[in-house]
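**Student:** From first to last, the protein sequence lines are chains D and X.
Numbering (numbering that gives the first Met the number 0) for the first sequence: 0 to 329.
Numbering (numbering that gives the first Met the number 0) for the second sequence: 0 to 528.
The hints are simulated quantities; they were obtained by calculation from the structure and are not laboratory data.
Computed from the model, here is a short list of chain X residues facing chain D with C-beta under 7 Å:
1) Y37
2) N105
3) Y124
4) P208
5) Q219
6) D388
7) G489
Each residue gets a CB set at the ideal place from its N, CA and C atoms; glycine is no exception.
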Amino acid sequence: MRFYLFVLLLISNLALAQDKPVLTVYTYDSFASDWGPGPKVEAAFEEECECDLNFVAVDSSTGILSRVQLEGESSSADVLLGLDNSLVVEAQNTGLITEHEVDMTKLDLPLPWNNQKFLPFDFGFFAFIYDTSRITSPPNSFEKLLDAGDDLKIVIQDPRSSTTGLGFLLWVKSLYGEDAPQAWSRLAPKILTVTKGWSEAYGMFLEGEADMVLSYTTSPAYHMIVEQESRYKAIGFPEGHGIQIEVAAVLKNAPHPELAQRFMHFIASESFQTLIPTGNWMYPVIFPKQGLPAEFRDLVRPIKTLMIDPQGIADNKADWIDEFNQALSQ
Amino acid sequence: MPGLFAAILVGLTVVSALCGLAIHAGDIPLFEQLSKPYTWSIIRFTFTQAALSTFFSVALAVPLARALYRRQHFFGRALFIRFTSISLIVPTMVAVLGIVAVHGRNGWINDLLTLIGLSRQDYLYGLNGILIAHIFFNLPLVTRLFLNGLSDIPAYQWKLATLLGFNSKQNFRLIEWPALRGLVPGAAGIVFLLCFTSFAIVLSLGGGPGSTTLEVAIYQAIRFDFDLSKAVALSLIQIGLCLVLAFLFFSKQSVLKLQSDQPPGVGRPDSGQVIGIVHDNLVIGVTAIFLLSPFTAVLINSLSGNGWMILTDQRFWRAFGSSLFISLNAGLLATVLGLSIAHLIARLRCNQTTSWLATIPELVGMLTLLIPPITLGTGLFLLFRSFTDALSLGQWLVISINAIFTLAFTLRILVAPVQQQQNRFHHLSRSLGITGWNQWKLVLWPTLKKPICYAMAVSTTLSAGDMGVIALFGTDRLSTLPLLIYRLLGNYRLDQAAVVAICLCILCLLLFWSIEKLAHSPAGVKPHA
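All chains, please: the whole structure from these sequences, using the hints.
**Tutor:** Written out as structure tokens, the structure is:
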């Protein structure tokens with residue numbers, strides 16, 4: 000038995016020993032999964048870089064950050080792909096991030112972005128998705144959602160583990176400010192469960208366990224394009240929608256700094272960006288020459304975009320999450 | 000002396016991990032944490048769920064143990080009782096998956112409800128789900144302890160009861176309850192501590208703001224916020240509370256046995272009554288359905304649907320390989336450590352003047368049950384992270400921590416037989432001058448191979464099914480089968496999770512069976528001619 004184990008260990012070590020340089024990118028699981036954009040990104044980059052792109056998938060975006068903090072300066076990661084605007088200051092404060100060399104003036108973002116260390120690679124708007132074959136008139140504003148009957152069941156994500164959940168928390172915070180605790184208590188009876196990540200919540204919704212799920216305005220495009228199914232719709236709220244800007248960053252102690260910078264340029268290139276709309280189901284930061292897929296035109300586009308300044312998030316996040324936890328643990 | 004070395008090694012690992020964490024954390028805001036209302040709601044929830052789980056497990060075990068005791072002959076009784084003794088090594092995630100399949104919104108119970116025209120109920124997530132899972136694991140354990148207690152009732156008491164014409168109620172009040180009463184505090188204590196520190200169940204069925212326990216909050220502090228000082232503060236609170244609880248429960252130690260030595264089958268006056276028969280069969284039937292339905296659901300879900308696709312996925316085979324590697328190494332390590340420490344305890348007990356010292360290594364083995372594995376894992380990771388890459392470090396940390404945490408079980412299994420062996424052979428082998436490898440080959444292995452293999456089978460299987468620290472270090476590169484189930488559950492791929500669960504069960508059974516089988520092979524010594 001020991002012999003087999005020894006052989007096993009040897010094989011696993013040999014598998015790592017290759018002559019090409021290996022660029023290690025930490026990302027979240029749905030990006031790296033077979034149905035996400037990961038495999039195509041890997042193939043496209045490996046074609047031009049003479050290297051091996053190795054995605055290490057952590058279970059969530061916040062997981063990427065805590066993972067790097069745990070590993071500290073001895074981390075083997077070169078690039079972090081999948082942090083977002085709510086995490087950038089926290090990530091920057093670890094002192095583990097260095098500047099990238101991409102010119103960001105060419106990016107098409109709905110809001111100005113001026114953090115030199117983090118490169119936006121896509122963005123999306125948070126929204127509730129419902130199934131038109133099950134509900135005909137969903138609450139069409141945030142206020143109406145809070146006032147809806149308690150038999151309306153929604154699934155949201157935990158703001159501590161999921162950036163969608165955190166995005167929702169910030170969305171509520173930017174709408175209700177000091178009155179957020181009351182908003183949470185009004186919402187609480189309608190929350191079926193708070194899941195750890197987006198995938199679980201969305202899966203529960205698709206299985207019919209909940210009436211509405213917190214996701215993105217772009218989610219219906221997936222059903223229209225992949226499944227030719229148009230019954231899933233996002234609800235546009237007149238109060239405005241929270242925005243998520245997903246970013247990538249290079250680690251200061253990256254084992255392959257040049258390759259890492261090259262990957263950052265690749266992220267801001269046409270070949271990466273065209274994979275985003277129908278791969279990660281978000282808006283690309285560089286508008287494609289041939290335009291977005293036709294289905295994207297039917298999507299809800301927020302009247303108003305809400306974003307809290309990243310420094311403000313970093314300063315108050317812990318308190319706001321406590322507030323949320325407190326309201327939901329009553 | 001290997002025993003002393005092993006005990007010091009374990010003790011030192013625990014202490015250095017805690018120090019490592021404390022150094023990185025800087026100041027520890029114990030009082031700041033204690034002043035937060037959210038911390039208190041976590042502590043409250045931890046207590047509430049543990050208390051309710053304990054109450055239901057113990058309260059339901061009384062009628063179940065009684066029914067099993069009264070019905071000595073029915074089809075599947077032996078199997079049912081065998082199940083009660085292995086429930087602790089059933090991989091948690093398999094049970095969780097099964098419970099979701101039975102009790103979830105799209106589960107069997109809800110399918111039944113819609114069949115009879117009722118609307119679907121959401122009762123699984125949060126406290127209810129945690130209680131269901133905790134009862135699932137602990138009811139069999141307590142039942143087993145109680146059944147052994149009942150089996151120890153001397154036959155003359157029943158003869159007396161027949162003479163005096165006791166009815167069922169009097170039998171319980173005057174004969175059975177006195178036999179059980181002494182066992183309740185010990186059994187309740189174990190269940191309470193197990194539920195108090197429960198991790199995987201709370202993480203997968205609760206974990207939301209309203210249903211977080213201390214153990215999960217520590218994980219969240221590290222995994223979500225990377226707030227080490229908060230993690231250390233919460234760990235200290237948990238360790239403190241556990242110590243107090245352990246002291247309360249176990250200071251008056253009652254003897255808990257998982258094996259009974261009384262022959263079964265004693266005629267009792269009320270075993271023929273119709274009401275009793277109906278009652279007992281109902282109790283046994285309902286519990287059997289409760290305990291077996293999750294497994295059946297997993298099995299059916301794995302056979303239907305196209306979950307088998309996961310077998311073509313390299314994530315599955317990576318997880319399978321790591322599970323095998325981690326569990327075998329952890330099992331071996333736990334057994335070697337357990338055997339060495341058991342030896343030390345036996346040696347110390349031999350001598351009148353040193354026997355009090357034996358409690359120290361015993362405590363080292365038990366202490367690990369009080370310290371959250373997540374805390375230990377993080378501390379060790381921070382100490383060793385600059386020496387090697389994260390992936391291989393993670394793997395070895397999972398092995399060591401699994402070994403340390405199954406040490407309590409291997410010690411429990413090994414101490415008594417080692418003690419007996421010591422008493423019988425110590426002087427003989429000393430006078431014959433048998434030492435070192437010869438002592439192992441000629442004396443230790445032949446006399447102890449059964450408990451050693453059993454201990455290794457238990458610790459290997461426990462490690463294979465464990466979902467603790469791996470939740471902290473796991474990525475798609477380093478994953479085990481339980482973690483893969485957890486992740487698939489998190490992606491709502493229930494059909495694939497069911498297939499992985501079945502594979503994990505098969506792996507566990509194979510590991511248990513083949514390691515236990517090692518004891519029957521004549522390896523090492525030649526059979527007598």
